[in-house]
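In terms of the numbering used here, the sequence shown is residues 2 to 142.
Do not take every clue at face value.
[Said to hold, decoys possible] Pairwise CB distance ranges, derived in the manner of DEER restraints: (1) K103 x Q129: 35 to 45 angstroms; (2) E133 x R99: 47 to 57 angstroms; (3) K70 x A117: 28 to 38 angstroms.
[To be verified] Pairs of lysine-lysine residues, derived as DSS-like cross-links and limited to a Cα-Cα distance of at most 27 angstroms, are as follows: (4) K70 x K80; (5) K120 x K72; (6) K49 x K80; (7) K103 x K69; (8) K72 x K37; (9) K103 x K64; (10) K88 x K34; (11) K124 x K103; (12) K57 x K70; (13) K126 x K110; (14) K64 x K37; (15) K49 x K34; (16) K69 x K37; (17) K64 x K24; (18) K101 x K34; (19) K70 x K24; (20) K110 x K37; (21) K24 x K37; (22) K24 x K34; (23) K70 x K37; (24) K24 x K49; (25) K57 x K69; (26) K103 x K80; (27) K103 x K72; (28) K88 x K37; (29) K57 x K24; (30) K103 x K88; (31) K49 x K64; (32) K72 x K101; (33) K49 x K110; (34) K110 x K70; (35) K34 x K69; (36) K72 x K24; (37) K57 x K72; (38) K64 x K110; (39) K124 x K110; (40) K103 x K70.
To be clear, the hints were calculated from the coordinates, so they are not data collected in a lab.
The structure presented is a predicted model; accordingly, all values stated were derived computationally and were not measured.
The C-beta atom is built at its ideal place from N, Cα and C for all residues, glycine as well.
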Amino acid sequence: MKRILLLIGICTSLYSCKQNLVKEPDNIIPSDKMEKIIYDLSILNAMKAVENGSLKENNINPKEFLFKKYKIDSAQFAKSSVYYAAKNPEAYGEIYERVKAKIEVQVDKIQDSIDAARKELQKEKNKQLSEEKKPVNITIK
Numbered sequence: 002m003k004r005i006l007l008l009i010g011i012c013t014s015l016y017s018c019k020q021n022l023v024k025e026p027d028n029i030i031p032s033d034k035m036e037k038i039i040y041d042l043s044i045l046n047a048m049k050a051v052e053n054g055s056l057k058e059n060n061i062n063p064k065e066f067l068f069k070k071y072k073i074d075s076a077q078f079a080k081s082s083v084y085y086a087a088k089n090p091e092a093y094g095e096i097y098e099r100v101k102a103k104i105e106v107q108v109d110k111i112q113d114s115i116d117a118a119r120k121e122l123q124k125e126k127n128k129q130l131s132e133e134k135k136p137v138n139i140t141i142k
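Based on the sequences and whatever the hints tell you, model everything.
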């Protein structure tokens, strides 16, 4: 997320120069596709930060994976990012806001699942404890 914010900052700085240095690339990535790429990139980078071992074990490079998935290359992604940030930083910021909202929805779903699992485990634990405390009826004849 820090890298994304840094990229936005750099691109905003380029925009503030108010020069027409950035031309629309011939192979610009459409904004809806750009949103999907940035979302996936954010998820993969988070995964890389938390559990890098499984990515390495499976020889997965997050950026290469995304470039293949979306049939783009790094230059196309970089040029499109710079173009969107320089020519229309508000729209680019909106893309990032939508990505952030999607991530927050996923985080909430995951947290709900964790809470439900914890609740179920606690029920099972309480059930076992109550069964252990039940008196045993022994009849002597």
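Tested hints:
1. K103 x Q129: 35 to 45 angstroms: holds, 40 angstroms
2. E133 x R99: 47 to 57 angstroms: holds, 52 angstroms
3. K70 x A117: 28 to 38 angstroms: For K70 and A117 the Cβ distance comes to about 31 angstroms; the hint holds.
4. K70 x K80: holds, 18 angstroms
5. K120 x K72: The hint is violated at about 43 angstroms.
6. K49 x K80: Given that 27 angstroms is the threshold and the Cα spacing comes to 24 angstroms, the pair holds.
7. K103 x K69: holds, 22 angstroms
8. K72 x K37: holds, 13 angstroms
9. K103 x K64: Satisfied, since the Cα-Cα distance of roughly 20 angstroms is no more than 27 angstroms.
10. K88 x K34: OK: K88 and K34 at ~18 angstroms, within 27 angstroms.
11. K124 x K103: violated, 32 angstroms
12. K57 x K70: holds, 18 angstroms
13. K126 x K110: holds, 24 angstroms
14. K64 x K37: holds, 13 angstroms
15. K49 x K34: Given pair K49, K34 holds - Cα atoms ~22 angstroms apart, limit 27 angstroms.
16. K69 x K37: holds, 14 angstroms
17. K64 x K24: OK: K64 and K24 at ~25 angstroms, within 27 angstroms.
18. K101 x K34: holds, 15 angstroms
19. K70 x K24: holds, 26 angstroms
20. K110 x K37: Since the Cα atoms of K110 and K37 sit roughly 19 angstroms apart, the hinted pair holds (cutoff 27 angstroms).
21. K24 x K37: holds, 23 angstroms
22. K24 x K34: Answer holds: K24 to K34 is near 19 angstroms, not above 27 angstroms.
23. K70 x K37: holds, 11 angstroms
24. K24 x K49: With a Cα-Cα distance of about 33 angstroms, the restraint between K24 and K49 is violated, given a limit of 27 angstroms.
25. K57 x K69: holds, 18 angstroms
26. K103 x K80: The hint holds at about 24 angstroms.
27. K103 x K72: Distance of about 23 angstroms is within 27 angstroms: holds.
28. K88 x K37: holds, 20 angstroms
29. K57 x K24: Outside the cut-off at roughly 37 angstroms; violated.
30. K103 x K88: Distance of about 25 angstroms is within 27 angstroms: holds.
31. K49 x K64: Given that 27 angstroms is the threshold and the Cα spacing comes to 11 angstroms, the pair holds.
32. K72 x K101: Holds - the C-alpha atoms of K101 and K72 are around 24 angstroms apart, at most 27 angstroms.
33. K49 x K110: Between K49 and K110 the Cα gap is close to 21 angstroms, so the pair holds against 27 angstroms.
34. K110 x K70: The hint holds at about 25 angstroms.
35. K34 x K69: With Cα atoms ~14 angstroms apart, K34 and K69 stay inside 27 angstroms; holds.
36. K72 x K24: holds, 22 angstroms
37. K57 x K72: Given pair K57, K72 holds - Cα atoms ~22 angstroms apart, limit 27 angstroms.
38. K64 x K110: At roughly 26 angstroms apart (the allowed maximum being 27 angstroms), K110 and K64 satisfy the hint.
39. K124 x K110: holds, 21 angstroms
40. K103 x K70: Holds, because 19 angstroms separates the two Cα atoms, which is no more than 27 angstroms.
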